[in-house]
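J.: Counting along the sequence shown from 1, when you hit position 194 you're at 194 in the working numbering, and nothing is skipped either side.
Bear in mind the hints are in silico, worked out from the structure with no lab data behind them. Don't take every hint at face value.
Below, computed lysine-lysine pairings styled on DSS-like, alpha-carbon distance capped at 30 Å [unchecked claim]:
| id | residue 1 | residue 2 |
| --- | --- | --- |
| 1 | K187 | K101 |
| 2 | K307 | K101 |
| 3 | K248 | K133 |
| 4 | K133 | K327 |
| 5 | K101 | K351 |
| 6 | K248 | K327 |
| 7 | K150 | K101 |
| 8 | K150 | K351 |
| 9 | K307 | K351 |
| 10 | K150 | K187 |
Note that this is a predicted model, so its numbers are computed, not measured.
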Amino acid sequence: MTVVNNRVKFGHVALNCHNVEVTERFYSNFFGFSRDSVRGGVMNHFINRYLLCPALLISLFFFSSSAALADDSAQQPWMISAQPFGLLSMPELVKPSPPDKRLFLKITTGYQYDTNAILNAQGAPVPEGIGKKDDSRLVLNLSGSYVPLKGAQGDLTINYAFFQSLHADLDDFNLTQNLAELAGRYKIDGNVTLRYSAVFQHLLLGTNLFDYALMTGPSVIIAEGHGQYTAVDLRYRSTEYRNVSIFKTNADRTGSNYSGALIHTMTLSSAALVRVGYAIDQDDARTTLWDGTGHRGSVEGSLILPKDTLLDVYGEYYRKDYDGIYKSIGGQRADNSWSTVVTLTTYFEQKYGVSLRALYNRNISNVPAFDMARVIAGILFDVRF
Numbered sequence: 001m002t003v004v005n006n007r008v009k010f011g012h013v014a015l016n017c018h019n020v021e022v023t024e025r026f027y028s029n030f031f032g033f034s035r036d037s038v039r040g041g042v043m044n045h046f047i048n049r050y051l052l053c054p055a056l057l058i059s060l061f062f063f064s065s066s067a068a069l070a071d072d073s074a075q076q077p078w079m080i081s082a083q084p085f086g087l088l089s090m091p092e093l094v095k096p097s098p099p100d101k102r103l104f105l106k107i108t109t110g111y112q113y114d115t116n117a118i119l120n121a122q123g124a125p126v127p128e129g130i131g132k133k134d135d136s137r138l139v140l141n142l143s144g145s146y147v148p149l150k151g152a153q154g155d156l157t158i159n160y161a162f163f164q165s166l167h168a169d170l171d172d173f174n175l176t177q178n179l180a181e182l183a184g185r186y187k188i189d190g191n192v193t194l195r196y197s198a199v200f201q202h203l204l205l206g207t208n209l210f211d212y213a214l215m216t217g218p219s220v221i222i223a224e225g226h227g228q229y230t231a232v233d234l235r236y237r238s239t240e241y242r243n244v245s246i247f248k249t250n251a252d253r254t255g256s257n258y259s260g261a262l263i264h265t266m267t268l269s270s271a272a273l274v275r276v277g278y279a280i281d282q283d284d285a286r287t288t289l290w291d292g293t294g295h296r297g298s299v300e301g302s303l304i305l306p307k308d309t310l311l312d313v314y315g316e317y318y319r320k321d322y323d324g325i326y327k328s329i330g331g332q333r334a335d336n337s338w339s340t341v342v343t344l345t346t347y348f349e350q351k352y353g354v355s356l357r358a359l360y361n362r363n364i365s366n367v368p369a370f371d372m373a374r375v376i377a378g379i380l381f382d383v384r385f
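Could you put the whole structure together from the sequences, leaning on the hints where they help?
T.: Structure representation (structure tokens):
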């Protein structure tokens, strides 16, 4: 763990969702996005990561402690804690934990309204005969992190997360997700930390198995001084998709995804943090229609406001070119996706938080079935132990 000016520290965490298209984004942050994302070791395309799959928005945050911080956290200032291992991980405010604490728990629940709720976690086209539908839902995320081994040079962490969404009308689109991660971290020297993780994911759509996946890979975090960090993240993901009544060709996506990300974090002050990133991913599926290469650029800013409030704004552009030939256009599919997430969170009594969050995504595709827009707005409540 690193402390900047005794106020800003980067948490160690880990898990966020993943996605079929890009397997990575750790995911995390707004239940309702989609899968993959940043994780402390996982990744994927925004829409497939954060947008399309609420379950993917599961995030586990494990905050390491430091001798530089007093044991009495109630007397300490809030710090911005951000996940440096994934491309998108919404920072949050935390108080330093006691040095000997090894178990971390977080419960998040809330309400969301989704203008395009029937999109699935992989960004697949809407099933034939079913038009765009909006819906509201309740979400629940339980996450925990346990550190069985901890030393001066590193630690071993076990993370687990459970996610459940309950729609008001579209019961077939309820998501149930379980994520488990084993992660090891080793400090090579004063400025370089190596992290390696393995993540297993199991996802139900309605009451049917939708997919299960194994993700693994290393991350290297380099502390450059003056509150600046650079993280290099490599990830391999193997996913087995199952056909379900709503998505009869879902199994065609089964295959592997390879991705790499470069993220640079700049701590501008004790109350401001900026992150910029670039990522590339390659899909190798059963059919060439789902094979392709994606490039993503992102920028994120976090600012501590008065009254223990944190404002976070994230923007992303994702371009993906597919290898297969679509008969409907007589050529290859190309998608350009723009996404923005704005979150305003107020914390009180050290462990409670209330968040207002809004997400907008616009996917521009030369294949009409994939040309879409989506807005998700909601309020979330969380408690940390």
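J.: Against which earlier hints does the structure fall short, listed by number upward?
T.: none
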